[in-house]
Amino acid sequence: MTIDIWWRIGMAGDPVSLRTAHRQSRGDWAPPGPDSITPGIRDGEPDGYGLLDYLVQTARAAEGLGFHGGLLPSFPGTDDPWAVASALARETKTYKFMVAFQPGFLNPVQAARMTAGLHRASAGRVTYNIITGGGGAPQLWWGDKVAHDDRYARTSEFLDVLRGVWDGGPFDFDGRFYRVEGGGLPGPLAGLPFPEVYFSGSSPAAIEAAGRHADYYLSWLEPFEALRAKFDAVRARSAAPKFAVRVDVLARETEREAWADIERGWQHVRPEAVRAQLSRDGGDSFGVRRAVGFQPGSFTGFRDFEVQPNVFAGLALMRPGPAFGLVGSYEQVAQRLDELIDLGVDSFILAGGPHLEEAYRVAEGVLPLLRGRLGERGQAGPVTLSA
Amino acid sequence: MSAPRRAPRQVPRREPRIIWTIPTRGDGRGNRSRGWDPAPSLPASVRDGRAGGPAFTPFDYLHQISRAAELGGLAGVYVPYDPHGEESLVVSGSLGRDSRFLEVVAGFPAGIATPVYAAKLSATLQRAFGGRLGWRLEVDLDERVQRTQGDFVTGADRYARAAEFLTVAKAVWHGQDVDFTGRFYEVVKGGFTGPLAGLPFPTVYLSGTSDEALALSAEHADVHVFDLAPDDELDRHVARLGERVRPALQATVHTREDEAELTGTSGLRGTYAQVADQILAYRERGFDTFFLAAEPRLEEALRIAQHVRPLLAGRA
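Taken in sequence, the protein lines are chains F and Z. Each residue of the first sequence is one higher than the last, beginning at 1 in UniProt numbering. Each residue of the second sequence is one higher than the last, beginning at 1 in UniProt numbering.
It cannot be assumed that every hint is accurate.
Derived contacts from chain Z toward chain F, CB cut-off under 8 Å, selection only [what the hints assert, rightly or not]:
hint	residue
1	40
2	47
3	53
4	56
5	60
6	64
7	67
8	294
9	298
10	302
11	310
12	313
Everything labelled a hint here was simulated from the structure, so no lab data went into it. This structure is a prediction, so every number in the text was calculated from the model and none was measured. Where is the CB? At the ideal position from N, CA and C, for every residue including glycine.
Next comes chain Z alone, as it looks inside the complex:
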């Protein structure tokens, strides 16, 4: 925290919001991935309690994690886009319906659908869980992976497309008789009606530190998510977002009761009190939302909820 302080942003005094990352391609200790591979088999002589019952699915475990986040009072869950993992909008729909408070942030790139279709699908999700959906639009993905997904827009064009995508999605969400002709999309007399109209648009999360990324956020994001970086670098980027866009931080977290129990080195790391102090120090710099992850996601969500969160709430 040694970097020169900028003119203070409006510092939020509320409790930092923790958004917990759902593992869409497995989780847990050992060589089997919970929520991806089937659960470990029992020794042959142990009667399997699941026998003869309705099917268990990998989603059962994903729900265990989001329930832990919900019951532990965390602010939300993030379902990342992963072409090799579970589909994030489907997972989001399932988890959102199974909670009362969680914001459910679905990660996806513009290439997966037209903006009208993505907005339409999201309007139904907003109806299903009372307006708690967030969009985390992924722009800077590996271009080889994008091609495997049928998406051939590359380079800076991806930012131009993302801007159009958000423009069109917001236009049909809020408007009637929407006509739009752009480089990537065209709509004639679009716009939602009936119960699809009038819902809150999903909170828009964007990320990236390139000029294009920060410019896109300044225009379209509600929240801009940064990875951990030196403070002066973060301050410099945050300054380019403008006052309207809230900065968020994304990190893995490793926390234990005692320093002697700590292993790993990257991300937010320390005792419960140390990690809480780090989060509060970032809040003083204007970050109010924290996308966190640690494995196993279930146990660590409960650990954060019961050991770290009380230290944040008490000092909000």
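Just chain F, with the same shape it has in the complex:
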């Protein structure tokens, strides 16, 4: 049994830290200022570098440190992960690309062709993060009106078609959403190793579809007992998939330093924003509704969002992204990751801003303290859950 550890990439740039009011000062998603990099300002003018140059540096940091690869997220406000992966493939050595995409937006035959091409460019370094969509306004922004449970049916069909053409065909399919006659990838594109599938979704329909298609069932970080129950629900519906968790990490040498960074960043959080978050309606996303339910009922300060030791639910107020993350000393964060491994986690997608510097911090500070499984566990003594 082995653990895979991925390091996310900031597909819309990175802030300089969590301490400052949120502003993406890396990459060209925000207007350039004197503190920008990619583009940097030389003699008063942007220097011609762009976000991709920063992403190359982040990916090289992650791969050089031994991370398995990285998640390339996809949202209305990010660059596109297929395009970025094709550029990064030529600039990296072993970095594996976990490409996030929503099946509804791409023809499955085209997705198969793109995957095979990217596999060939990168010597087989493509992994899928299949997202079926959080609904609401972003879903309509993409032009997708398909209802929640139907989206999972579409995802299932999409993956059936993709697998059908993958080895060369001829493949025929006539479904609710897709139709193919005599399809199949041509020549050397056919028959490559099929990418591992990380599958997200918290609803019953999602867990049902995950049972058919997922190599890894991927969840955001939640309070550990809630994760345990979620994993049990997945196990009940499928033949023992593996589990992955997407975890934001703010680790420092001491716990005090870690919370001091949160305290700084919290100064820029408006109380109205906190109230709005506490009463947020998650659209038709089960994951967001679950996250809302795990938040404190009332709050007096940022520590109220520490819903169990080192598990902080306030990150979404400080930067775009999931609410939950681990905050603490290197030792504490390593211990929480060990506990997640005990819950059955086989793979982590870790993240922290800025992703370049934090990759070094996590690899040098936290990972050496991770005991992981097997022999190391025996030496370190039993790990007790503090949840």
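Use these hints to put chain Z onto chain F, whose structure you have.
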């Protein structure tokens, strides 16, 4: 800044140039040196993402630092000479090729090669990265260490040799049919031709505060690099360089958002605003180039780029 002001030099109003020091013998926190030792190993149960791929080398990390300097808009990188570290000209060639804007200043002493060979190698580097090479000729090195490197020229002779070295290197760089006979070097009908001719000669950086060092610079340096010293002492040395030679300052830098976060005491030290003020005060005294270093070099280069540099650029 209490020393009596001299007749003002021509004060440059452009943004102070920061040249970031590359660690040629390791860097970083903890007991392992990034860019020198192998990266820390992962726990046994974690699958190593590097397995089965092309080799990672210590240069990968050196490039991360120079890329950070490049993307952060710093002016250059300095690759110091260290007989016990990576070879500086090889590192410089690699980093220069991987950037568009950085000046790449290679540190080395005259003893490593004949001036013709050093110039020849440098002409190729200038071609490889479009004329962004600098030479930082190290003269006043530890003589025991020099002997381990096969160099037995000692004392003031080292300055005489450095002068000859630069004279010959510039002569063959710019000239044809160069004949030279000196105490240390001899050349007959030397000089570069073809694409090796006509390139810009590397910017020459020298340092030291002895009479010999300042005299050498007055004749041969483009820039003279001083360590931090009391202002009146610096002013006195700068005055001996003559108007042609630009003074630069070399220092470690320790800067944080708040005073409460500061540790260490030497070098340029203070909050972002305080360090920016110190740099601008030196610029008023005529220093336009700053050789800076802080560990870890990657993170601190980005810190300077994103927190200190905007305060310099805004007031240039």
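Hint by hint, here is what the structure shows:
1. 40: 6 Å, holds
2. 47: Given a least distance of 4 Å, the restraint on residue 47(Z) holds.
3. 53: Hint holds; residue 53(Z) Cβ to chain F Cβ min 3 Å, cut 8 Å.
4. 56: 5 Å, holds
5. 60: 5 Å, holds
6. 64: 6 Å, holds
7. 67: Cβ of residue 67(Z) sits 5 Å from chain F, so the hint holds.
8. 294: 13 Å, violated
9. 298: With Cβ-Cβ at 7 Å, under 8 Å, it holds.
10. 302: 6 Å, holds
11. 310: 4 Å, holds
12. 313: 5 Å, holds
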